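Asks: Quick note, the sequences are listed as chains C, S, R, B, U and Z, same order.
Sequential numbering from 32 applies to the first sequence in this note's numbering.
Sequential numbering from 32 applies to the second sequence in this note's numbering.
Sequential numbering from 32 applies to the third sequence in this note's numbering.
Sequential numbering from 32 applies to the fourth sequence in this note's numbering.
Sequential numbering from 32 applies to the fifth sequence in this note's numbering.
Sequential numbering from 32 applies to the sixth sequence in this note's numbering.
Note that these hints are calculated values from the structure, not bench results.
Given the structure is predicted, the values throughout are model-derived calculations rather than measurements.
Keep in mind that a hint or two might mislead.
[Unchecked claim] Beta-carbon label-pair distances, calculated as ranges: (1) U:A152 <-> Z:K45: 29 to 39 Å; (2) Z:E52 <-> R:E34: 30 to 40 Å; (3) C:E48 <-> Z:D33: 40 to 50 Å; (4) U:M32 <-> B:G117: 49 to 59 Å; (5) Z:K37 <-> U:K56: 46 to 56 Å; (6) R:A152 <-> B:A59: 47 to 57 Å; (7) C:E41 <-> R:A44: 50 to 60 Å; (8) Z:D121 <-> B:G117: 33 to 43 Å; (9) C:A44 <-> U:T154: 37 to 47 Å.
[Said to hold, decoys possible] Partner residues aside, some chain S positions facing chain U, computed with beta carbon under 10 Å: (10) P63; (11) A131; (12) I136; (13) P137.
For glycine and all other residues, C-beta sits at the position ideal for the given N, C-alpha and C.
Residue-level listing of the chains:
Number of protein chains: 6
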Amino acid sequence: MDERLKRGLETVAKVNEEGSERIAKAVADLAPDFHRIIMSFAYGDINSRPGLDLKSREIATIAALTAMGNAAPQLEAHIVGGLNVGLTRDEIVEVIMQMAVYAGIPAALNGLMVARKAFAAHTPAAKKPQRG
Amino acid sequence: MDERLKRGLETVAKVNEEGSERIAKAVADLAPDFHRIIMSFAYGDINSRPGLDLKSREIATIAALTAMGNAAPQLEAHIVGGLNVGLTRDEIVEVIMQMAVYAGIPAALNGLMVARKAFAAHTPAAKKPQRG
Amino acid sequence: MDERLKRGLETVAKVNEEGSERIAKAVADLAPDFHRIIMSFAYGDINSRPGLDLKSREIATIAALTAMGNAAPQLEAHIVGGLNVGLTRDEIVEVIMQMAVYAGIPAALNGLMVARKAFAAHTPAAKKPQRG
Amino acid sequence: MDERLKRGLETVAKVNEEGSERIAKAVADLAPDFHRIIMSFAYGDINSRPGLDLKSREIATIAALTAMGNAAPQLEAHIVGGLNVGLTRDEIVEVIMQMAVYAGIPAALNGLMVARKAFAAHTPAAKKPQRG
Amino acid sequence: MDERLKRGLETVAKVNEEGSERIAKAVADLAPDFHRIIMSFAYGDINSRPGLDLKSREIATIAALTAMGNAAPQLEAHIVGGLNVGLTRDEIVEVIMQMAVYAGIPAALNGLMVARKAFAAHTPAAKKPQRG
Amino acid sequence: MDERLKRGLETVAKVNEEGSERIAKAVADLAPDFHRIIMSFAYGDINSRPGLDLKSREIATIAALTAMGNAAPQLEAHIVGGLNVGLTRDEIVEVIMQMAVYAGIPAALNGLMVARKAFAAHTPAAKKPQRG
Numbered sequence: 032m033d034e035r036l037k038r039g040l041e042t043v044a045k046v047n048e049e050g051s052e053r054i055a056k057a058v059a060d061l062a063p064d065f066h067r068i069i070m071s072f073a074y075g076d077i078n079s080r081p082g083l084d085l086k087s088r089e090i091a092t093i094a095a096l097t098a099m100g101n102a103a104p105q106l107e108a109h110i111v112g113g114l115n116v117g118l119t120r121d122e123i124v125e126v127i128m129q130m131a132v133y134a135g136i137p138a139a140l141n142g143l144m145v146a147r148k149a150f151a152a153h154t155p156a157a158k159k160p161q162r163g
Numbered sequence: 032m033d034e035r036l037k038r039g040l041e042t043v044a045k046v047n048e049e050g051s052e053r054i055a056k057a058v059a060d061l062a063p064d065f066h067r068i069i070m071s072f073a074y075g076d077i078n079s080r081p082g083l084d085l086k087s088r089e090i091a092t093i094a095a096l097t098a099m100g101n102a103a104p105q106l107e108a109h110i111v112g113g114l115n116v117g118l119t120r121d122e123i124v125e126v127i128m129q130m131a132v133y134a135g136i137p138a139a140l141n142g143l144m145v146a147r148k149a150f151a152a153h154t155p156a157a158k159k160p161q162r163g
Numbered sequence: 032m033d034e035r036l037k038r039g040l041e042t043v044a045k046v047n048e049e050g051s052e053r054i055a056k057a058v059a060d061l062a063p064d065f066h067r068i069i070m071s072f073a074y075g076d077i078n079s080r081p082g083l084d085l086k087s088r089e090i091a092t093i094a095a096l097t098a099m100g101n102a103a104p105q106l107e108a109h110i111v112g113g114l115n116v117g118l119t120r121d122e123i124v125e126v127i128m129q130m131a132v133y134a135g136i137p138a139a140l141n142g143l144m145v146a147r148k149a150f151a152a153h154t155p156a157a158k159k160p161q162r163g
Numbered sequence: 032m033d034e035r036l037k038r039g040l041e042t043v044a045k046v047n048e049e050g051s052e053r054i055a056k057a058v059a060d061l062a063p064d065f066h067r068i069i070m071s072f073a074y075g076d077i078n079s080r081p082g083l084d085l086k087s088r089e090i091a092t093i094a095a096l097t098a099m100g101n102a103a104p105q106l107e108a109h110i111v112g113g114l115n116v117g118l119t120r121d122e123i124v125e126v127i128m129q130m131a132v133y134a135g136i137p138a139a140l141n142g143l144m145v146a147r148k149a150f151a152a153h154t155p156a157a158k159k160p161q162r163g
Numbered sequence: 032m033d034e035r036l037k038r039g040l041e042t043v044a045k046v047n048e049e050g051s052e053r054i055a056k057a058v059a060d061l062a063p064d065f066h067r068i069i070m071s072f073a074y075g076d077i078n079s080r081p082g083l084d085l086k087s088r089e090i091a092t093i094a095a096l097t098a099m100g101n102a103a104p105q106l107e108a109h110i111v112g113g114l115n116v117g118l119t120r121d122e123i124v125e126v127i128m129q130m131a132v133y134a135g136i137p138a139a140l141n142g143l144m145v146a147r148k149a150f151a152a153h154t155p156a157a158k159k160p161q162r163g
Numbered sequence: 032m033d034e035r036l037k038r039g040l041e042t043v044a045k046v047n048e049e050g051s052e053r054i055a056k057a058v059a060d061l062a063p064d065f066h067r068i069i070m071s072f073a074y075g076d077i078n079s080r081p082g083l084d085l086k087s088r089e090i091a092t093i094a095a096l097t098a099m100g101n102a103a104p105q106l107e108a109h110i111v112g113g114l115n116v117g118l119t120r121d122e123i124v125e126v127i128m129q130m131a132v133y134a135g136i137p138a139a140l141n142g143l144m145v146a147r148k149a150f151a152a153h154t155p156a157a158k159k160p161q162r163g
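Just chain C, with the same shape it has in the complex (with noise of 0.2 Å):
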């Protein structure tokens, strides 16, 4: 494993391990290449540069999704991932809120829809069993 994709493993593992996984396996058989290129470019070449901090970057993920309003399933990723390193719910729905200004009110009302989806089937951290 190449140093780029070790650091995208890292940080996605930080963000949405869960969601990585899921996208590895539903990936697998049609495209087996991708899960590891879209993880190095995304995670390990972007994601994990230090000039912004991981809640910051979930923010901008989370209102990007929202106002493009076309991935719904990318969007529940990110409010898990977001929610994974330490934005708060109210925080959240905030940034989905927010995007009414920028994209409109069906932007804005179709990701809380997402929100409430993605809050529903989150685990915190805290409470997931230890890797061991």
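Following the hints, complete the assembly by docking chains S, R, B, U and Z onto the known chain C.
Replies: Using the frame of chain C, we list chains S, R, B, U and Z on its own:
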């Protein structure tokens, strides 16, 4: 002036007052109520809410406008806004680069070109003449 | 209740009161202020303005949401809204078909499928039980 | 000339004949069939249908192009088209402002800037020299 | 039946006749002319043009619909269409993965999920019962 | 230089080396790592994969960028790239016209205007001075 507009104008004054005044002038003849309506909503109702600080809000807005890719003048105004509320140029560049992951490389490249323009035009708040 | 919210609720009552109440319930726990905020802006500030009748406003909204293609629940609510303010099913279908020209055939086809759902669910206003 | 193209050109003549001729010239060398194809479809098949009047159709198109935010030349042409079929400047401004609700404030602001350009360039139909 | 519709139906028969028939049924009551109009335009005017082979055309359509991210039913139909005109599953997967670069990783991941569905449903043309 | 960046730069050299160098210069001061990151991902990880030839890949990219309608500089660069890998002007025009069906007529018209610019600027690869 109602409470909400007052709160809106006080908030936008912290983010990008010149941008707000530019909008006011640009729409004054065509749509004379529109500046008041959007400042009341965007800054009076939403961006002034206490649940999220203005730095985080500008990260969210810069991310969304970069990802949407069809709102260059507003992205420029919010990059200036981000600088005004304390984001560094490097943090803003990180947010924009990150959008390559979620909205594609063209969106990030075009966002960087807008950032260059905003950075060149920006007069640090500290150097602005006092209002008085 | 301020003037603006009152005007907003009076206006939404003409368009799609059930839709507004459904939103109120859906966001009540997550974002308890959001229904008030968006009704005040969307219907209190904008859709109640005298310069354009509600039929024309619903044509505009149905067109935009069909073209954007990422807001099916809101499109459905506004197709019901269009019927409530007096648009015929045929007029709504014409607006949606027209979007094939400006936003592509997939947007129009997906809009028609939303229209079918909205038409099936719609109870003509005249047949609704009286309040009070 | 087939029936459908004839009907298309007759319809576009009511909406924005100069705009249609500008397109014809712009694509004549690159894509010599394209003007005929799109006029036949957009105006021969769709916009000439009797189920919706041209004023309502231009409201729908102005709304959609404002909301999409990536088609300024076509939005400008249809704002001129809206004036030609009898919409007032104020009605057009209302449609564009309304898009702030559904597609975000930046889309509405950018639409208003296009409207200013279209209004400045528009020669009222009544003042045009007669064709003869 | 005019020449153009005939050419359209002959062309769509090579790409995805079942998909076309499904659309015809889905819109028959709501918009009885729409299937004829869109087949005449999409396949009679455009996709039957000799300047580009159907394999290249399906690559273009699969790429665009993946990138737009708001037209899953049509993407599914065109992935089937791509298989019908001779693209391999691997080629289609490459096109979809490539969209991660230009429209972001979520668009590519969602496109792959649509491809899985289309691949599962696809009956190779060679195995279809003969008509007639 | 790692293997992946090397493969990326070799691949982009076949598509549009001048475009790549223009990006490198444009972002050098703002985001000094970004050119390396995106070339490694876009061309090292994705576009150099053996499963799809570069002509098909440029068809896919031209289609997607035309349909998205918010990335004119990148569309221009990829139209040049398409010519460089052997697409004819007529084939590129067909791809762009086809987007009228899937993303609407404005997207196709705006894409044709970008094509005109790209065609005018393009120096056929055969006529370029040799490096060396």
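Asks: None of the hints should be skipped; say for each whether it holds.
Replies: Hints versus structure:
no., hint, in the structure
1, U:A152 <-> Z:K45: 29 to 39 Å, "holds, 37 Å"
2, Z:E52 <-> R:E34: 30 to 40 Å, "violated, 60 Å"
3, C:E48 <-> Z:D33: 40 to 50 Å, "violated, 26 Å"
4, U:M32 <-> B:G117: 49 to 59 Å, "violated, 37 Å"
5, Z:K37 <-> U:K56: 46 to 56 Å, "holds, 53 Å"
6, R:A152 <-> B:A59: 47 to 57 Å, "holds, 49 Å"
7, C:E41 <-> R:A44: 50 to 60 Å, "holds, 54 Å"
8, Z:D121 <-> B:G117: 33 to 43 Å, "holds, 41 Å"
9, C:A44 <-> U:T154: 37 to 47 Å, "holds, 42 Å"
10, P63, "violated, 35 Å"
11, A131, "holds, 8 Å"
12, I136, "holds, 6 Å"
13, P137, "holds, 6 Å"
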